[in-house]
Amino acid sequence: MPDIPTYNAQIALAENPAHDTSSVQMVGLIVFALGLLGVVVALFSDLGAQQPILMLVLLAVGVVGGPLLYIWDSYRSTGAGIHNNGVMFSSNQARGLIGWVAGIVLTGGYILLYWFPTTLEGLVRVVDPLAYTLRGTAADRWFLYGTIYTIAVLVMGVRAIVKYRHSRYQIIRTCSVMFFQLGFAFLIPQLLLLFNQPEFYFSYFWPLKYDYLWPGNISYIIESGAGLGVFMVFWGAMMTSIATPILTYFFGKRWYCSWVCGCGGLAETAGDPYRHLSDKSLGSWKIERWLVHSVLLFVIVTTALLWINSATEGGVFGGSSQMFSQWYGFGIGLVFSGVVGVGFYPVMGSRVWCRFGCPMAAVLGFQQRFFSRFRITTNGGQCISCGNCSTYCEMGIDVRWYAQRGQNIIRSSCVGCGICSAVCPRGVLNLENGPREGRFGTPHLNLIADLEVLEDPA
Amino acid sequence: MHLAIIGNGITGVTCARLVRKRDPDARITIVSDESDHFYSRTALMYIYMGHMTEAHTKPYADGFWEENRIDLVRDRVERIDTASKQLHLQSGKTMGYDALLIASGSTSTFFGWPGQDLGGVQGLYGLPDLAEMERWTSDVEQAVVVGGGLIGVEMAEMLRARGIHVTFLVREPTYMSYLIPAEEGRMIERQITGHGIDLRMETELKEILPDDSGRARAVVTSDGEEIPTRFVGLTTGVNPSIGFVEGSGIETSRGVLIDRYFRTNVPDVYAAGDCAEFREPLPDRKPIEQLWYTGREHGATLAYTLTGEPREYRPSVFYNSAKYFDIEYQTYGRIDPELPVGEQTLYWEHPDGNRSIRLQYSAEGEKAVVGANLMGVRHRHAVWADWISQKQGIEYVLSNLSAANFDPEFSDQGEPAVIAVYNAANGTSIQPRARKGWKRWMAKLPMRGNLEERRLVDSFAHL
Numbered sequence: 001m002p003d004i005p006t007y008n009a010q011i012a013l014a015e016n017p018a019h020d021t022s023s024v025q026m027v028g029l030i031v032f033a034l035g036l037l038g039v040v041v042a043l044f045s046d047l048g049a050q051q052p053i054l055m056l057v058l059l060a061v062g063v064v065g066g067p068l069l070y071i072w073d074s075y076r077s078t079g080a081g082i083h084n085n086g087v088m089f090s091s092n093q094a095r096g097l098i099g100w101v102a103g104i105v106l107t108g109g110y111i112l113l114y115w116f117p118t119t120l121e122g123l124v125r126v127v128d129p130l131a132y133t134l135r136g137t138a139a140d141r142w143f144l145y146g147t148i149y150t151i152a153v154l155v156m157g158v159r160a161i162v163k164y165r166h167s168r169y170q171i172i173r174t175c176s177v178m179f180f181q182l183g184f185a186f187l188i189p190q191l192l193l194l195f196n197q198p199e200f201y202f203s204y205f206w207p208l209k210y211d212y213l214w215p216g217n218i219s220y221i222i223e224s225g226a227g228l229g230v231f232m233v234f235w236g237a238m239m240t241s242i243a244t245p246i247l248t249y250f251f252g253k254r255w256y257c258s259w260v261c262g263c264g265g266l267a268e269t270a271g272d273p274y275r276h277l278s279d280k281s282l283g284s285w286k287i288e289r290w291l292v293h294s295v296l297l298f299v300i301v302t303t304a305l306l307w308i309n310s311a312t313e314g315g316v317f318g319g320s321s322q323m324f325s326q327w328y329g330f331g332i333g334l335v336f337s338g339v340v341g342v343g344f345y346p347v348m349g350s351r352v353w354c355r356f357g358c359p360m361a362a363v364l365g366f367q368q369r370f371f372s373r374f375r376i377t378t379n380g381g382q383c384i385s386c387g388n389c390s391t392y393c394e395m396g397i398d399v400r401w402y403a404q405r406g407q408n409i410i411r412s413s414c415v416g417c418g419i420c421s422a423v424c425p426r427g428v429l430n431l432e433n434g435p436r437e438g439r440f441g442t443p444h445l446n447l448i449a450d451l452e453v454l455e456d457p458a
Numbered sequence: 459m460h461l462a463i464i465g466n467g468i469t470g471v472t473c474a475r476l477v478r479k480r481d482p483d484a485r486i487t488i489v490s491d492e493s494d495h496f497y498s499r500t501a502l503m504y505i506y507m508g509h510m511t512e513a514h515t516k517p518y519a520d521g522f523w524e525e526n527r528i529d530l531v532r533d534r535v536e537r538i539d540t541a542s543k544q545l546h547l548q549s550g551k552t553m554g555y556d557a558l559l560i561a562s563g564s565t566s567t568f569f570g571w572p573g574q575d576l577g578g579v580q581g582l583y584g585l586p587d588l589a590e591m592e593r594w595t596s597d598v599e600q601a602v603v604v605g606g607g608l609i610g611v612e613m614a615e616m617l618r619a620r621g622i623h624v625t626f627l628v629r630e631p632t633y634m635s636y637l638i639p640a641e642e643g644r645m646i647e648r649q650i651t652g653h654g655i656d657l658r659m660e661t662e663l664k665e666i667l668p669d670d671s672g673r674a675r676a677v678v679t680s681d682g683e684e685i686p687t688r689f690v691g692l693t694t695g696v697n698p699s700i701g702f703v704e705g706s707g708i709e710t711s712r713g714v715l716i717d718r719y720f721r722t723n724v725p726d727v728y729a730a731g732d733c734a735e736f737r738e739p740l741p742d743r744k745p746i747e748q749l750w751y752t753g754r755e756h757g758a759t760l761a762y763t764l765t766g767e768p769r770e771y772r773p774s775v776f777y778n779s780a781k782y783f784d785i786e787y788q789t790y791g792r793i794d795p796e797l798p799v800g801e802q803t804l805y806w807e808h809p810d811g812n813r814s815i816r817l818q819y820s821a822e823g824e825k826a827v828v829g830a831n832l833m834g835v836r837h838r839h840a841v842w843a844d845w846i847s848q849k850q851g852i853e854y855v856l857s858n859l860s861a862a863n864f865d866p867e868f869s870d871q872g873e874p875a876v877i878a879v880y881n882a883a884n885g886t887s888i889q890p891r892a893r894k895g896w897k898r899w900m901a902k903l904p905m906r907g908n909l910e911e912r913r914l915v916d917s918f919a920h921l
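Residue numbers (the working numbering), protein chains in the order written: chain A, 1 to 458; chain B, 459 to 921.
This is chain B alone, in the form it adopts within the complex (with noise of 0.2 angstroms):
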């Protein structure tokens, strides 16, 4: 079987290894244009930083690929030919497959703005990207960067770090309103001014405007203002990057279409990652999910398909993470920025502003907790993940909530201060079980080398 992998991003690149693990024959091949070698693509930020050059984000020596025998082709698959099975490169090259991914991830999305084509005015997605930030940042001193999600607070720390002044439009009321609480979001935004950003909320990019040479010159923002820029960075989201599926016969809607197993509508067709919707999202989750873990947890999920042993996508219980300037955060399952009806939420807020746990409940029965929501603090993944699936209850979770605590030793631990606010509120005297309670708990962990032990933890069984 020859296996050609579009993109070699965490989904293509996850896919690939698992199927040399489990297939020593197959032959496979991964076409990319971006860079020669897979790279970590969420340390962008810290390559234009300075704390690491682009070879420190490479998670595997140049030498793995050719070991493996995946084949690395440095070129950008133009068109596809479904019906003789053939990928047209750039190059005028054809390459031949007898199972097709498509991985090639994501775009960045402009709406359409007065100016957005002009010069110094562009996304962060990849290297090029960042190559292009160094151009257009190495003589500005005012940058102007536009949307409030995850990449635009990376950029804004980004040009802050090279003493770059950034005023940051945000349309929502509070940071990333539409996926987190207000009082989280505020925290980012004490995070964001703190650092020295004019942030401006509940704002938006009108237009922008070019000076004669045709780069940005200004900005003109939904309150009419006039910004003076030559830098615009423009963080308004992603959307597939699928331009050269068109004409292949396979379907997409905003990404390519893809049943649980990943399969498009044609025959040994297949995508994965940022770049597939589902047709049928799965419960509580979204069509498309951009995320890295997502993409890994894609690739590895049709490798088994991919090796003779269908599966379809069954997630683990949800998680992601991202840092916020100088907060990290971390979240587990669901946590709703409007409280759902039948669902209680309890949070805890450090007086100093800076670290938060929250945890999402529902109010009926045995009080299932759904979902936390962490700011400053580090939590184990595996220990939420295995109260999530088993649907502890909230007065199980709070008494031992210190087991979940993932901070360095002799942290100042926030657990104790969540449970005073529940019992508080609800005249409960919920205690903390006693410490070292995650070491009981790790014990009971599956050992390594025994895979059906291994099978205990519930949430990561399906695989």
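Chain A on its own, in the form it takes in the complex (with noise of 0.2 angstroms):
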């Protein structure tokens, strides 16, 4: 074999000045260990029964000051523009010994959060003063966890804000993100509860929230928050049923999952350093569209279940409808879309419950894919196949598979967040809506047209 020296990523970054962190940054990283040091202590101990408010604001100060000053000083030196510099050198972000650790105190934060809450009890007092301030009562679990994920998609998302400034599409989709997360997903049902209202989320639909559908959640509501609760139920049904597939059909599934969804905010915020490692392979992309379908299945399945089961009074089914939406809660609420959906951002991406779980993506998705003016345009020959595109896209799409063909991308798993086109070298990729009729695209210059042909069955 011909002696030909081969590129080898691990001889890359030995010494690299340009990945030293600075002093300011070491100020921001100090900071914030010191936080997370504070939270360990109001875990043992309790001293957030005791001092709460103290403690409240040296947390923050320690888990929102730190990151901002690391994040104030990453930014400052570099032009508006992408700069993924050393990303795949990267502990964290390229599955090194830090992403994985990340991944483990994460989806070890879950199982706390789940089976073992008396364990965080003294982070929940924590934030008691919080809980009083908006609702009038002590914290619990709940509440700590809502604190936590609004405080991460806000601090992250002045990152998201700072990193893709050349953007204007970014900055206000970012924007989008947090206000939807701070104020429907936080702010909002804290102040029902302050008003004796049921706690409900405006930004929440069937079936993603798959009990606002459930007979049992309905009726509760309805007699917990009268006219209120009547127009909950109204408000859901009538965006599950009439507002979603309208706005899907103008804008396609990006005004939800990357404009309003928490989910998705916490992942285009929090887990944007992590968005490269989705696998983009043929085969994740066989698993996506079983495992997806199969859970918008199981939530349809067990909607309907319920459904008969209160009509009939039991009478058909007894407590079999009890089960499917106990195991659903429990394997698709908890497991799917909290422990694996967050805990492995470090490991498989920004988007693992959206791209592989999410019961409302798949109908979003189908809407997308059949009834939408959206894609994302191809410009004619220019792409150059570099597959910055593809790397970075969070759901795993082979974008470059369709640009190199100059064919536009019409993928039912597309949440429209933009970055492909953000991160292309060339102008080549566009998010648009527009008339449905050519929507596809035509392969440019008929030469690029690929051998085997995937058609999108979703």
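Listed next, the in silico SDA-like pairs over lysine to any residue satisfying Cα-Cα at most 25 angstroms (straight line):
hint, chain 1, residue 1, chain 2, residue 2
1, B, K744, B, V799
2, A, K286, B, F522
3, A, K286, B, A513
4, B, K516, A, W285
5, B, K516, A, G283
6, B, K516, A, L282
7, B, K516, A, W401
Just so you know, the hints here were simulated from the structure itself, not pulled from any lab data.
Both chains are given apart, each in its own frame, so use the hints to dock them into the complex.
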């Protein structure tokens, strides 16, 4: 064999001054580490119960101030534009030691939250002052979770805005997910509790928020919310059945998945550093289609059973529909969307749940694929097949496969985050809403037409 | 038929894929000494900078080749025996062929500078160069890049991404003045200096000085200045990589000489892409065009000839693209660095100095637009190909210019300002057509699956 040196990434970045941590970044990291230390202290002591306000302020400075300082210093010296320098060499971002530790900590956090909530008691007490202010009662683990989740979206949202500040689409979209998380998924539900109304999330709909169309929950909301409760049930049903198809027709599923949804919001902000870790192989695409549609089927069957059961007052199925709903809540609601969906960010990328599990994404995907004006347009023959688009697609779409043929990208899974367009160095990709006629585009020059044409069934 | 292809770059691979599509029975073998699989050469910089790994730059999954029965051989062709139709490989093996495509690409060109063979001195063309660059730059803080082309600015960006100080020697008075007008050249210069690079215009390399170990220690510039550096990137262009063709009876000049059907003087031997040189260049085109897009179009056109449907090379309206640090560049048609007699130029630059649009058009008759340069602005390839091939006049183009815009949603569009510049200079009152013009225009585009209608787009019709 010819003796040709092969490129070896292992030797990359032995000593790389560009990736040395600056002194300001170091201060940010230390402040963050102290904040995490404070979290551990709070978990294992009753300081939270004794000095909740002091602890809350200290922890907030640590886990919010530290990262913001780090982010500010990381991006202030680079110009606006795409600078994914060193991503593939990063221990955190390229499944190195830090990445795996982060994955284990996140996964462990969800396990504690769901099944060992008493271990979090010390930390729950820290957010008591916030809970009393917002909703007039003491905090519980779900309030703690919502607080951490919202902080993550806001802090990392700032990072996303700074990182993608060359693109007005990215700035506006990131502001949108931050707004919906803070307002619709955090403040409003708490304020509803303050006014003795049922806790309700106006930005989540069936089938993602599966119990919003389950009979038991509907009667609970109407009973405890009276007139407002009726509106909530109406809102949920209307969004699922009318608003969703209409909005998806005009804008694609992005109107929800990368502009409104809280799961998407976390993925686009806290998950952004891990977006390239999604698997792009054909095999994972096949798994994705089977899994996500199975979950959709599961939630439809479960919902139908519950309604039949409710209508017949248990006459047909007895307790079996309860068993379905319990297993759905456990398997999909807790394990899949939480433990796996977020816990695996640093290993499988930021959209594990959205891609493989979310039934809402499956429904929106059908609509996007078959009844929408949305597409990602490929700009003629300008593609240089570099692979940045596919690499940074969080949904694991091999964008380049379409782009290099000059074919538009119309995939049910595409959430329309627009990062493929942002990272493209040649201006090849653009998110557009346009006439459905000719939506798939014409493979340019008729020459990059591929040998095996994969049809996207959904 | 056994088609042997030398080189697994975009030219050879595009040809192989299309031959397979058109002829299920052909036997196809691609020989490459550079890599096991086709990768995107244009993405080399991103591997070094850590945006992607080498695996990310492969446009097809590894199983693709076997699935489509395209044999890949990792070896180097040392000699071609055209009489017996045999390739002699470095491993000692031979390989017969019925048809041969030479698509061996380029090598970096050096100009006989003293010290150009020292350690730490290199060009940048392929994966081996990248491996070299990793080795030579692992312990340097100061680098010198010589040659102000596209690869030069890429290499400078690569080094900056690793925190290495770069001194950049450029011969021309403004950046790429042999290809693009001075305004755009100066914009590129601002990008380069704005990213902390010590840019020396009108400065050439005189020699590279060695240390005791045979590695570069410093460069001496044409001004006589000595700049200490242990890494020297020579990005002064590329030449066809055709050493192995010597003695085969295949005629060469700088490249392998071909006609418009990619035929060499030897029957059943073809050449295409970077390494091929047209005996008679096409109008407004160079005899050797070392571009990704050109290689792709060569490979595709030739595939028809190789499968029994001879097809002359009639390229589409010229287009090219690049990225100079944070500024994307697209060009369509013909833009001359020095305006030819009988033509006009219209140039708009955003006050921030990072965006511009230039149109070049005939001063006479219908004032047909001949080309466009876009800096920091994305435009639609298909719209421009249409306008240029149909010789649309400047005023028509201006009033529809927004239809060509391809910037992301919510972007601040510069097209109305371009019209204002034209109106101010010519006393006209051209108004932009209603927004969403592109949608009407797109609606006229031929639909997928209808080959006859597809031919409506003139510039693409030949394929």
